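Asks: The residues making up each chain are set out below.
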Amino acid sequence: MNAPAKMLNIRIDGKDHTIPATKPVTRTIVEGNSERSIEVQVPQTIYDAAKSVGVEIPVLCHRDQLNVDGTPIPQAGVCRVCAVEAAMNGRADRVFVAACCREVADGMEIKTQGKALNGVDIGETRKTIVEMLLAEHPQPCTRHREHRDCELELYAEKMGLLKPNFTPRAVSKGTDFSNPSIAIDHSACIVCERCVRACAAVENNVIGRMGKGYGTAISFDNNKPMGQSSCVNCGECMVACPTGAITYAGGVAPTPPPNVTPLVTDELRKMPTLGRFFKAISPNFLKRSEGAVWVRMFKKGEVICRQGDFGSTAFYIDSGEVDIYIDVDLGHIRTKNNGGGFFKRMTSALFSKDQDNRSEERDSKSIPIDSSGVDLEYGKLLAKVGEGELIGEAACLNFQPRSATVRAASDDVIVVEMLRNVLDMLRKTREFRADMERKYRERALANHLRSVPIFKELPDAFINRLRDRVKLVPVEPNEPIVKQGDPADAFYLIRMGHVKVYESYADGQAMVLSYLSRGQYFGEIGLMTAGGVRTANCTALDHVEVVRIDKTDFEDMIRLFPDIKSKLQAIADARLAENHARATQTRTLSLPQYIEQGLYIAQSLLILDLEKCTRCDECVRACAQAHDGITRLVRDGLRFDKYLVTTSCRSCRDPLCMVGCPVGSIRRKGDLEIIIEDHCIGCGRCAEQCPYGNINMHPIGKEYRDEATGEMRQQRKAAVCDLCTDMCLTENEDPACVYACPHDAAHRVDGQKFFDELLIGSRAVQEKIS
Amino acid sequence: MLIDRQSRPWIVITVVLFAVATALYVPYARSQLHGPTGSSWQGITFGIVGTAFMTFAMLLSFKKRVRTMRIGRAYWWTQGHVWLGLLAYPVILYHAGLRFGPAFGMTWWLMWLFTVIIVSGVVGVILQNIVPTKMLRELPLETIYEQAEHIISGLQAEASEIVARVAADQPEEGFDRDAIPAGGGTSTLTHATAVSKGQQVLQDFYRSEIQPFLQPRMGQSRLVSLTTAAAAFDSVRTSLPREFHEHLNDLQSIVDERRQIAHQKKMHHLLHGWLLFHVPLSFALMILSVIHIVVALRYL
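Sequence lines, in order, name chains A and Z. Position 126 (the first sequence) corresponds to 217 in this note's numbering; numbering is contiguous. Position 270 (the second sequence) corresponds to 279 in this note's numbering; numbering is contiguous.
Derived from the structure by calculation, the hints contain no laboratory data. You can trust all of the hints, since none of them are fake.
What follows is a list of derived Cβ distance ranges for each label pair:
#, chain 1, residue 1, chain 2, residue 2, range
1, Z, S169, A, K658, 56 to 66 Å
2, A, G622, Z, W85, 54 to 64 Å
3, A, G477, Z, R74, 55 to 65 Å
4, A, N538, Z, N258, 50 to 60 Å
5, A, K658, Z, D265, 51 to 61 Å
6, Z, S262, A, V323, 22 to 32 Å
7, Z, I302, A, R796, 51 to 61 Å
8, A, S443, Z, S70, 35 to 45 Å
9, A, N538, Z, S262, 50 to 60 Å
10, Z, D265, A, A371, 51 to 61 Å
11, A, V323, Z, P221, 35 to 45 Å
The list that follows gives simulated cross-link-like pairs (lysine to aspartate or glutamate, DMTMM-like), each with its CA atoms no further than 20 Å apart:
#, chain 1, residue 1, chain 2, residue 2
12, Z, K73, A, E824
13, Z, K275, A, D708
14, Z, K275, Z, D265
15, Z, K143, A, E702
16, Z, K73, A, D825
17, Z, K143, A, D732
18, A, K530, A, D559
19, Z, K143, A, D708
20, Z, K143, Z, D265
21, Z, K72, A, D708
22, Z, K72, A, D719
23, A, K315, Z, D178
24, Z, K275, A, E702
25, A, K656, A, D580
26, A, K656, A, E548
27, Z, K274, A, E702
28, Z, K143, A, D700
29, A, K642, A, D559
30, A, K390, A, D409
31, A, K370, A, D409
32, Z, K72, A, D825
33, Z, K143, A, D727
34, A, K733, Z, D13
35, A, K530, A, D551
36, A, K370, A, E528
37, A, K793, A, E768
38, A, K456, A, E548
39, A, K733, Z, E147
40, Z, K73, A, D719
For clarity, every value in this text was computed on a predicted model and none was experimentally measured. Beta carbons: idealized from backbone N, C-alpha and C, even for Gly.
Turn these sequences into a full structure, and let the hints steer you where they fit.
Replies: The following block contains the structure:
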């Protein structure tokens, strides 16, 4: 259980409020070569507290939504525009405090406007501060002149400060145009340090302060021209800058594909549908990203993107309707003995799960695809989506192949295509997120929940109840979602991306239990068993979005629907038992190499005794001969002692092949074996991901014409070693590779049994030697 | 290893069959006034049995073409090939009365061919017993033989990328602490000079020694030997500023891998080269044997 948050009683502008003492924020920590994000509780500031009760305090150097990759940029309290009075027991501080930095305390009385206890008007004080900042600032600055959104000048206009009473600076502080894409105007800089903090947040640490007093300014690498500094041109400083001090200078725009005309900033902001979202993005950023968004029109039947292709763009359907479909024969490869007596060999064919139900075959009829609104179904490999839908988000953000083909279903389809940087920025805007979330709740949540077999029977009434209560939570790559040992407070369903589930052990080792993708869920074990504590860590591998169902709703669900409860309980128990068995195996072993190579866990390893093997490749040829000419074995791999553990699927402890499957068709069975579901689209991602090259792409089934090249191609399916099961007459008979080895070098062994004996032998020898 | 504990039954069978054949041959040879001949019924029997053994040995190549056919493990067939093939030689000799026949005649050619085949086979068995173990010990980075050229081109690209990276390194102005002479004093060599000198040394070494060595056909070079190569790299290392040492280490690893590929090629040729004699000569022997049988039966 979560410890109840400490509450504080405070008074803001004469009204009493009770607020939590802390708020959660994300922090990135570095561990060796990797970094991860953690959620920590930090004290609430006056600004946070006021905001939480609906009182707006103006800020300039602070911006609470300012973050880099999800990590908030800390406040600095340098501009003092957020000055307020903070009093305790009727005694105010000597000076006004910066609301963005000052922590609230129990019993604090805060005044954000009107007369302070010392009689000074707080609003007037704030106005003076803005006026003084404005005196050092060109009016209008580049940003305000071009886009009318310099934050300082907007405040000044709001306060009626059209012309400051202070004498403006006589000498310009200078400009820096040494960077081809970013222009610096030091005169417009109010030294708010947003850029310094943004730069530090992405760990560039190029920008700092230089000089003092009147001459204080930002500098790059201790006063180098920006273009000669170690700046990597990421543009975070430009996005963070509230004024026209750091602006886009043109020159380094993304290159759009030929035959499209990218939209410029003004066009983006005036778009009827997406315009309001682009208005929420810094025009500097948009200016710099010109060339990253374009509009395409499609006639009925024209292809927008193809399954299996890699793409770096996402598609927003501006108007019209599109068909999303996967063009694939549903089925898995099964090699079957075709008789023939002595001359028998196997032939491969596609079998659907109805024809050949493998052990632990998933009974889900849903095929997850890369669309915000829909999934496909086994019986119907086509879905229609229309205006306002976002397609290809995961392919764009996570560099994975397109999960489906998208084709215009009407003559008037207008698609806004955008590159990753713009999509990423759009996703960070509150308005866009809210819009996507609303659409998801309205259109997709019910289907998404029902695509999970155990939730198939959930009634509409309950889904409607969940609709307003679930949260769509975006998670940045490497950010933890749940932590082993933490109290379990929610159930999660994955909407986008991949989640790694792993257990940590006391000796620092970790064991990957699974990789989960869209349509899969986690968090039920902690909620249903193990005393309400998380039993494993779940971390985002890429850009992930999860549907979070709070503990109370989850408990209501399992209370109201005992059938779901019993199914979930069975799954949770089975997962726990598997995890326990794996943990026991791991703890009994000592040799790191043995563990690293995953040999102990392999159910059936093909090993070659390198003292006997003459590298004749008869095993490879035999495998090819047994499988329609496509070998599933390569005579290469890791060595252990005198054995070569060849590349044929070994059911690893960290099955990377499962990461990035755009349709989630590869997964691990309870016995750790890999199973490839029928809806594999043959993109080859798993084959690329497998570090041992153990997955082969098997050309099988129908041929099709590649519309991009005009060439005829054959559909492919991923396949792993099947141990020639169907060819062996008895269970103990050897697969083709072993049978064909002329030197008795190839063997199929149980990893743990075989290598345990070997290790015991070597330990005995070592003991004798010592 | 072709000859190990599992070969025992085959060795026993071979020895027993050889003993039986010899036991039959000795009284037969003694009983013949003009010495044993292949045309006697005993000689023909030895010929038939020897040819049967030879034919069985030949069937291994057929078995290797139908690998998935469940007619016994390939290992069983290989053992049979080795031991029965070896046994065929004395049996055929008994058939011929321990003679090769008139010089340059058909039987003379047959016997010499058979002898060469047996010797090459024995050499092959010895090599297959020794070389794999040697490869296991000496080639930790062993790769698939057919991919060697591809890996070599990868190594070339990697090396040239490292050298290009070093060449592109822009040194910062500053004083080189490492360049201060031992015992103190002021160094006249700035860091920038040291870097630029190091870049030149590394590029020269790459162009003159490493690049030619990484070609598919590497010529004579001191990098061929592990010890002379290590000495060459050590000598270059002393001329480089410390920041380039890691790059040099990477280049040395690349050179080591290239050397290992060359060594693997040699081993591979050794392991499989004998087959170039053994297999075609075996086919020639079988064809000549058929002719010999036909001629012998026709003119008997």
